[in-house]
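Peer 1: If you want the building blocks of each chain, they are given just below.
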Amino acid sequence: MKTWALIVDTWREALARYTLLGFLAVSSLFLLVLTFALNLDIVDGALAAGTLFGKAFEVPGKGPAIATVVATGQSVFAGILYVLGVFLAVFATGSQVPNLQHRGTVDLYVTRPIGRTHLLLGRFLGAVTLVSANLLILCGGVFVIISAKTHVWNPRFLVASALILLVFLSYLGFMYLVGVLTSSTPLSIMLPYALYLLSVPLVAHDRIAAAMDTRIGAGAVQTLYWILPKTAEIGRDLTGYVLGKATPAFLPLATTAAFGAVCLGAAVVAFNRKNF
Amino acid sequence: MPALPATPIASGDSPAQCGRGSRYPRAAPAGENNAGATNVYAGVDTDAAAITVRGVSKEFRHGRRRLRALDGVELAVGRGEVFGLLGANGAGKTTLVKVLLGLARPTSGEVRLRGRDPRRAAARRRIGYLPEGHRFPGYLTGKASLRLFGRLAGVAEGTLDQRIPELLELVGLAGRGGDRVGRYSKGMTQRLGLACALVDEPDILFLDEPTDGVDPVGRRQIRDILLAARRQGTTIFINSHLLSEVERTCDRVAILHQGRVVREGTVEDLTTPTMRYRIRLGEGQSAAPERLAGEGLDVVAGNGSLEVEVADLAALNRLVDRLRADRLLIAEVSPLRAALEDVFIEVVEGEERAAAVSDPGPRTPDPGGGR
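Protein sequences, first through last, are from chains A and B.
Every letter in the first sequence is one number past the one before it in the numbering used here, and letter 259, counting from 1, is 259.
Quick note: to get the numbering used here, add 1000 to the position in the second sequence (first position is 1).
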């Protein structure tokens, strides 16, 4: 019941701060547009014509196979959602730990007969359920609408949604560590964004390391690459996977998950040792 | 849950009229009244005590500086006792309460609640805490706050359904339970904090400045609630610098100064009657104080009563005879006790004078206190 209370508390906080309503409103708008603004005419399994916001368009000659159109559209959407979704989720949950650690508030929570590990992980679980539900509504909605309109069911899109959640969880672990150590909402939001941006050049870590003058510099680049979340790399693999290419590489996923788990573990240790 | 007492609570009779001589007894000085047995402290069997503090020190690091907030504190509070911790701002009161509740780890020494380490979650079952300057999440209503913290305390849903309205009624928030806490006044927030502290029917109740921001009527209600809780056997630990409140509520007090317990004892012992008396005259009657002063008595007259300091009971009786000879009717003669405030100020000033003589250097304030 204590875990349930913490999950409900997280949802209540998101509801009161309009993050939940805001996300649902944006998701609903997007799904409505997708439902009513886009209509496709499919002839012999190929796209022949359609309407977008009431404006008709025709595909000259024999159009592309509808399965290809769907996969391409879903891949683009997965890419957008991967970038925007993680950014928005970080923004929506960045204040969780700093708010918990407010002077006068933390005393009320921590003096209850609940372990600090339980307390922090309960809040974490609350955030996971919140973001999962949002992703389920948005990604699930897009999947159902596109599939229902085209009769093409591409499960790779759902797998990609799960990977988006995995990357977010890694960032959430990092946010918890920053939040516990600094009690700062701005830092809890900015530092994950910095990691996100840093992951872009680190895709080319081998070339950057080779260009380094010193072994120490090269080693530092490689170390950063292996330690930090491989956000850009996973994003590239993920869109390719939805298009029908190879399964995303295991190591980037595993090390990204490990980064989040280690950060969350460190956050729990720090939270347990903290004087309030 | 403590119900509001049916009988009114008698108010104390301790006007702060007494001078600041050395007449206050040095009752139960800290650490000196160990009854010879290692498991007895200040007359409390520490094995069975609700709260035990053994040699607790707490240091904070502020950059390179180390600030000592608590310095070898020894305390024991018996079950069912109402204990008051007094101290000036920065004396270490809040830090001690935080150590007692596991919010902060002591640098050395140990604390026990009912014999258990409060840093363990299970040891905090049925422990109520009203923190100073507490801040409920503003997005919760009063009811939702009680439900959240009741659930975290492990109280069953059915019990909460019944207890939440009762608690709101008890603290005078029955009509406002559905409002968001963010819209509460300071006094209402304080009342909600008290309700929250009582939500799991605590055995031990810690209250840090419980009447802070509460109006006089509310203070009276809070005092009544605490006294009702005491009657039901709840151990109450009050941390306050409102000495009159402490005097009216507590059985025993300790005075904390610069992180050390410098005086400890029952309120009764610390505020032993002085040789000062209040003589209340019959309605509409008055005595000329200058006539009495002429007999070498220190007399303060006003509002149908006299306050007089006498050398002994014989002098008091001579005074009564004199008043009766003047055909004045006497309604009441009552001894005045040294007010706790006077004792407190004397102790603290005495400690500061002693510290100034022995160590003229600056002291380290308690970072957790004086919020």
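Note that these hints are calculated values from the structure, not bench results.
Hints are supplied without guarantee of correctness; some may be wrong.
As the list claims (entries may be wrong) - Label-pair distances were calculated between CB atoms; the ranges are: (1) A:I80 to B:N1089: 26 to 32 Å; (2) B:G1178 to A:V76: 44 to 50 Å; (3) A:W4 to B:G1178: 19 to 25 Å; (4) A:G104 to B:G1233: 39 to 45 Å.
Stated by the list, open to error - Stretch by stretch, here's where chain A covers chain B in the computed footprint (C-beta under 8 Å, at least three residues): (5) 1148-1154; (6) 1168-1176; (7) 1252-1262; (8) 1317-1328.
We treat Cβ as the ideally placed atom computed from N, Cα and C, and that holds for glycine.
Peer 1: Taking the hints in turn, state whether each one holds.
Peer 2: So, going through the hints one by one against the coordinates:
1. A:I80 to B:N1089: 26 to 32 Å: This hint is violated: roughly 56 Å between Cβ atoms.
2. B:G1178 to A:V76: 44 to 50 Å: With a Cβ separation near 47 Å, B:G1178 and A:V76 satisfy 44 to 50 Å, so the hint holds.
3. A:W4 to B:G1178: 19 to 25 Å: At roughly 22 Å between Cβ atoms, B:G1178 and A:W4 fall inside 19 to 25 Å, so the hint holds.
4. A:G104 to B:G1233: 39 to 45 Å: violated, 29 Å
5. 1148-1154: Check passed, 6 qualifying residues.
6. 1168-1176: This one is violated; 0 residues, fewer than the three required, reach chain A with a Cβ under 8 Å.
7. 1252-1262: violated (count 0)
8. 1317-1328: Coverage by chain A is violated here, the residue count being 0 at a Cβ distance below 8 Å.
Checked against the numbered hints given earlier, this structure breaks hints 1, 4, 6, 7, 8; the rest are met.
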